[in-house]
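Novice: The opening position of the sequence shown corresponds to residue 1 in this note's numbering, with each subsequent residue numbered one higher.
Keep in mind that a hint or two might mislead.
[Claimed, not checked] Across the chosen pairs, the derived CB separations fall in these ranges:
id: 1; residue 1: His-198; residue 2: Met-239; range: 15 to 21 Å
id: 2; residue 1: Tyr-54; residue 2: Gln-81; range: 32 to 38 Å
id: 3; residue 1: Asp-259; residue 2: Val-208; range: 34 to 40 Å
id: 4; residue 1: Arg-173; residue 2: Phe-27; range: 46 to 52 Å
id: 5; residue 1: Arg-174; residue 2: Gln-81; range: 25 to 31 Å
id: 6; residue 1: Asp-53; residue 2: Phe-27; range: 30 to 36 Å
id: 7; residue 1: Leu-118; residue 2: Leu-201; range: 58 to 64 Å
id: 8; residue 1: Leu-30; residue 2: Gln-104; range: 36 to 42 Å
id: 9; residue 1: Val-48; residue 2: Ala-108; range: 17 to 23 Å
id: 10; residue 1: Val-48; residue 2: Ser-155; range: 23 to 29 Å
id: 11; residue 1: Pro-183; residue 2: Glu-226; range: 54 to 60 Å
id: 12; residue 1: Phe-253; residue 2: Lys-285; range: 42 to 48 Å
[What the hints assert, rightly or not] For lysine-lysine, the following DSSO-like pairs were computed, each having C-alpha atoms within a straight-line distance of at most 27 Å:
id: 13; residue 1: Lys-51; residue 2: Lys-10
id: 14; residue 1: Lys-277; residue 2: Lys-262
id: 15; residue 1: Lys-232; residue 2: Lys-250
id: 16; residue 1: Lys-115; residue 2: Lys-216
id: 17; residue 1: Lys-268; residue 2: Lys-285
id: 18; residue 1: Lys-252; residue 2: Lys-232
id: 19; residue 1: Lys-216; residue 2: Lys-190
id: 20; residue 1: Lys-142; residue 2: Lys-82
id: 21; residue 1: Lys-161; residue 2: Lys-82
id: 22; residue 1: Lys-142; residue 2: Lys-161
Please keep in mind that the hints were generated in silico from the structure rather than gathered at the bench. Bear in mind the structure is a predicted one, so any value in this text is a computation, not a measurement. Beta carbons are placed, not taken as given, at the ideal position from N, Cα and C, and that holds for glycine.
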Amino acid sequence: MASPFSYFRKYQYLMLVGFGVMLMFAFVVLPPLQQWLQSMQQSVHDPVVVKWDYGRLRQSDIQRMQYEHNVLHNFLNAVRQKTVEKQGAPTRPKVEALERGGEQRVLANLLLAKKASLQGIRVNDAAITHYLDEFSDGVLTKSEYRELFEKSQLSQGALYKQLRTELLAQNMRRLLMSALPKPTPADVWKAHDRLARHVELEVLAIPVEEFVSSVKDEPSTAELKELFEAGKTRAPLEMSPEPGFYILPKAKFQYLKGDFAKYLAEAKESVTEEEIKARYESGIKLREFRKEPGADNPPADNTPSDNPPADNTPADNKPADNKPADNKPADNKPADNPPADNTPADNTPADNTPADNTPA
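Required output: the full structure, derived from the provided sequences and hints.
Specialist: In structure tokens:
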């Protein structure tokens with residue numbers, strides 16, 4: 001009995017050729033065909049919206065760029081908040097903040113970044129890391145940055161790529177703004193001449209009163225009415241030749257003027273001492289006159305009020321001979337005051353102080 005595999009052995013070369021053709025079709029012809037079919041389907045549901053010298057952008061591409069732009073700015077906001085929490089200053093003048101925007105901003109960043117690359121501007125990973133360090137005031141560590149990268153919705157490489165585009169566009173904007181021409185002195189003078197140009201006129205004034213007598217015919221009622229109708233909505237202007245009869249809204253005001261000092265003097269005369277006392281007592285109960293102790297009565301010169309010095313300063317701002325006059329007892333004992341019964345007469349010396357207690 002023949003083996004079941006004899007049929008395959010008999011036609012194995014033909015089957016091998018057919019299988020090879022199928023593999024060639026699957027790996028060579030089928031992928032481009034699938035891409036073409038996808039492009040045909042994508043052209044209907046995802047049309048090309050931007051064409052430029054360096055490619056084409058579909059609506060999905062712009063949406064992806066907008067998404068990456070928003071994720072980057074959310075990441076920068078997280079860096080800013082973390083910096084503030086660690087007492088840093090993320091808005092120092094030497095670091096220019098990137099601006100968030102819509103589709104127009106994203107496309108402008110793409111064009112400016114490409115233009116900056118063509119001009120030779122390069123932003124490597126070291127420059128991006130330096131920007132982040134400056135933006136965070138140098139207070140964030142690598143582990144904190146790693147934590148922020150993990151919380152974002154893009155990888156560190158994708159964030160660096162998007163930040164590179166933003167920084168290139170920012171540098172290109174700065175170059176374009178610095179290249180704006182400054183006005184020359186002649187241009188400034190022309191602009192000033194346009195704003196402050198004066199005209200010299202020779203004017204002859206003609207008094208109208210001299211010609212009033214030459215008017216013979218009086219205007220009719222119809223002419224006056226026609227003249228009024230033409231100028232009833234026009235306000236009268238002295239420099240306008242057209243008559244105006246419109247009167248702006250007016251208002252009447254009345255006011256009363258009184259002498260406050262006069263009425264105050266009369267009111268003081270009508271107030272009695274009993275009324276003042278009653279008002280004062282009621283104010284004390286309501287604590288209207290309460291003051292802090294010693295607020296309005298500080299000591300004059302740190303001495304008791306009942307025994308102040310006469311002048312508290314010398315006459316010529318210095319003591320005479322630097323001692324009071326007769327500031328010692330005669331013969332070191334009170335004059336004519338011997339002790340009676342082994343005690344002084346008044347239990348104290350005669351005065352025990354200088355004569356005036358102040359320098360002469």
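Novice: Which numbered hints turn out to be false for this structure?
Specialist: 3, 13, 16 and 19
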